[in-house]
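Going down the list, the protein sequences come from chains B and A. Using this note's numbering, read the first sequence as starting at 1 and increasing by one per residue. Using this note's numbering, read the second sequence as starting at 1 and increasing by one per residue.
None of these hints come from the bench; they were simulated from the model. Hints may be right or wrong, so weigh each one.
[As the list claims (entries may be wrong)] Think about it this way: if two alpha-carbon atoms lie no more than 27 Å apart in a straight line, the pair counts; the simulated DSSO-like pairs of lysine-lysine are:
| no. | chain 1 | residue 1 | chain 2 | residue 2 |
| --- | --- | --- | --- | --- |
| 1 | B | Lys356 | A | Lys31 |
| 2 | B | Lys344 | A | Lys31 |
| 3 | A | Lys31 | B | Lys409 |
| 4 | A | Lys31 | B | Lys254 |
| 5 | B | Lys409 | A | Lys40 |
[Unchecked claim] Covered by chain A, according to a simulated footprint, are these stretches of chain B (three or more residues, beta-carbon under 8 Å):
| no. | segment |
| --- | --- |
| 6 | 13-22 |
| 7 | 25-35 |
| 8 | 84-90 |
| 9 | 116-130 |
| 10 | 386-392 |
| 11 | 395-403 |
[To be verified] Here are the simulated distance ranges between beta carbons:
| no. | chain 1 | residue 1 | chain 2 | residue 2 | range |
| --- | --- | --- | --- | --- | --- |
| 12 | A | Pro23 | B | Met352 | 23 to 29 Å |
| 13 | A | Trp66 | B | Trp212 | 30 to 36 Å |
| 14 | A | Pro33 | B | Asn422 | 25 to 31 Å |
| 15 | A | His32 | B | Leu419 | 28 to 34 Å |
| 16 | B | Gln213 | A | Ile67 | 30 to 36 Å |
All C-beta atoms, glycine included, are put in the ideal place defined by N, C-alpha and C.
Now for the letters of each chain:
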Amino acid sequence: MKPAVSPAEEAVIITHEDVDRAHDRVRVSDARAHRGYTSNARLLWLLIGPGILVMLGENDGPSMLAYAATGAKFGVGFFLPFVVLTFCMAIVVQEMTVRLGAATHRGHAELIFERFGPFWGWFSMIDLGIGNFLTLITEFIAIRAGLGFFGVPPWAAISLALVVLYAALMSHRYWTWERITLAAAVFNLIFIPVALMAHPSWHSVGHAFLTWQPLPGFNKDVLLIVLADIGATVTPWMLFFQQSATVDKGMTTKDIHFGRIDTVLGAALASAAAIATVVATAPLFAHQMTADNFQAAEFAQALQPIIGRFGASLFALGMVEAGIVAAITISTSSAYAFGEVAHKPHSLNLPMGEGKAFYAVLTLCAAAAAGIVLIPTLPLVYVVLIVNVVAVLAMPPALVFLFMLVNDKEIMGDLISPLWANLLAGAVVFILTAAGILFGVSIIAPNIFAALGGT
Amino acid sequence: MTKTEPSPIAVSDQSLVLASLEPDQLANAKKHPIPRRHLKTPELVIFWTLRLYLLFMMAVVSYQVWIAAH
Chain B
1 MKPAVSPAEE
11 AVIITHEDVD
21 RAHDRVRVSD
31 ARAHRGYTSN
41 ARLLWLLIGP
51 GILVMLGEND
61 GPSMLAYAAT
71 GAKFGVGFFL
81 PFVVLTFCMA
91 IVVQEMTVRL
101 GAATHRGHAE
111 LIFERFGPFW
121 GWFSMIDLGI
131 GNFLTLITEF
141 IAIRAGLGFF
151 GVPPWAAISL
161 ALVVLYAALM
171 SHRYWTWERI
181 TLAAAVFNLI
191 FIPVALMAHP
201 SWHSVGHAFL
211 TWQPLPGFNK
221 DVLLIVLADI
231 GATVTPWMLF
241 FQQSATVDKG
251 MTTKDIHFGR
261 IDTVLGAALA
271 SAAAIATVVA
281 TAPLFAHQMT
291 ADNFQAAEFA
301 QALQPIIGRF
311 GASLFALGMV
321 EAGIVAAITI
331 STSSAYAFGE
341 VAHKPHSLNL
351 PMGEGKAFYA
361 VLTLCAAAAA
371 GIVLIPTLPL
381 VYVVLIVNVV
391 AVLAMPPALV
401 FLFMLVNDKE
411 IMGDLISPLW
421 ANLLAGAVVF
431 ILTAAGILFG
441 VSIIAPNIFA
451 ALGGT
Chain A
1 MTKTEPSPIA
11 VSDQSLVLAS
21 LEPDQLANAK
31 KHPIPRRHLK
41 TPELVIFWTL
51 RLYLLFMMAV
61 VSYQVWIAAH
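Start from the sequences, fold in the hints, and give me the full structure.
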């Protein structure tokens, strides 16, 4: 469905944001005008971005810590294929945001407010705002802890992260911001060489993928890790970010195929880094070391006798990278959502003068979260696991909004989800809700698992 | 009719925008709201159920944090 008043029916107002986006689209059109592998590769290069960023962005401080805790607590086994399953769920969910953004050219918050009204829109925004702010805090905790491994004092670590975040914004061009952030995000793969340095048993890794064994048992701690690992791959901010970034990039319905490739590619890279992290910390499980109180830097210190100083340094740097990239993407998702709801200009193509509110929200969110992290004695591992759990619990309501929007023929036209996609999305909602309910039961009635044969 | 914002935009850029972007991709087009959808009773029931689920689970998480802190 088009807006009540078509833009064509009144004076066309052109902004600098439109001009920047048009320049990006001309390059896409030029690449599309040619045939052959080179042109297709160029088209892919031009259209990748939101999917890779959202997936590698979600491999953030708390997520990498959840994977590290998974490896240290349970070793190589059930959780390796489970992590891949969670990324498959993420693909199903995020693909819908690509279609929504390309078909409507509207952000996720904007669509929820306009289609369902402000009452439900504000609920959705409150979920997003609380979740994003808590997660941002944990990103800066990861950065502080990671750089702490090298002796960098907390204030310097946080300042450095804020400088990187603001530097990416200085171009006031979506394209430049996206490429800078992508370059930073690729460093997430640093966990792969760390895993190799841990000399994993490839037989055990292969056995785990083929059989999902050994199983971790059935108790409250296992459920917490299950939820933390799910929350490490599917969270509400990802929906808002990828749809808004798709719109800001200027993608249209012709680009949906490449948007899907972008999303799958991002999931493949992110799952490789996640699996590598589980494998890298698995020796801690083999050496019977507890991970209950490990912070990001402490994981690196604990691994040092096994993978050496260089490997431990890479691990700590990986935590820093994960925190910085996620701080950039999550604060951007908050700013997009604020602009969409407050009807303020919201684009990374905006010059500072035209996007004061957008840039103010983005920078203030990051600065406030960074400031909180400078408070000493914040518990880390428990906080980050709980943040991931909260993300999982907030997903079912967010997914139902997404599900209804992507099946709304009035705004999606022929791009509504086919039956198979709806069945997959329904399965994701069921899994997330069931995991949340099981977690709730484990808290309220902790003995029930023992009664059911668990531990 | 085409008019620009106070900060001038070159005529060539205006032509580029009109040729390259779909009409509803323009920043100004987003000022026009998309009509509200009428929510049916089953949809409202699902929304409220999930809202109550979330509130309940947040209480459970808060309880868990309180237990851990003590």
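### Query
Does the structure break any of the earlier hints, and which numbers would those be?
Per hint list: single violation, 8.
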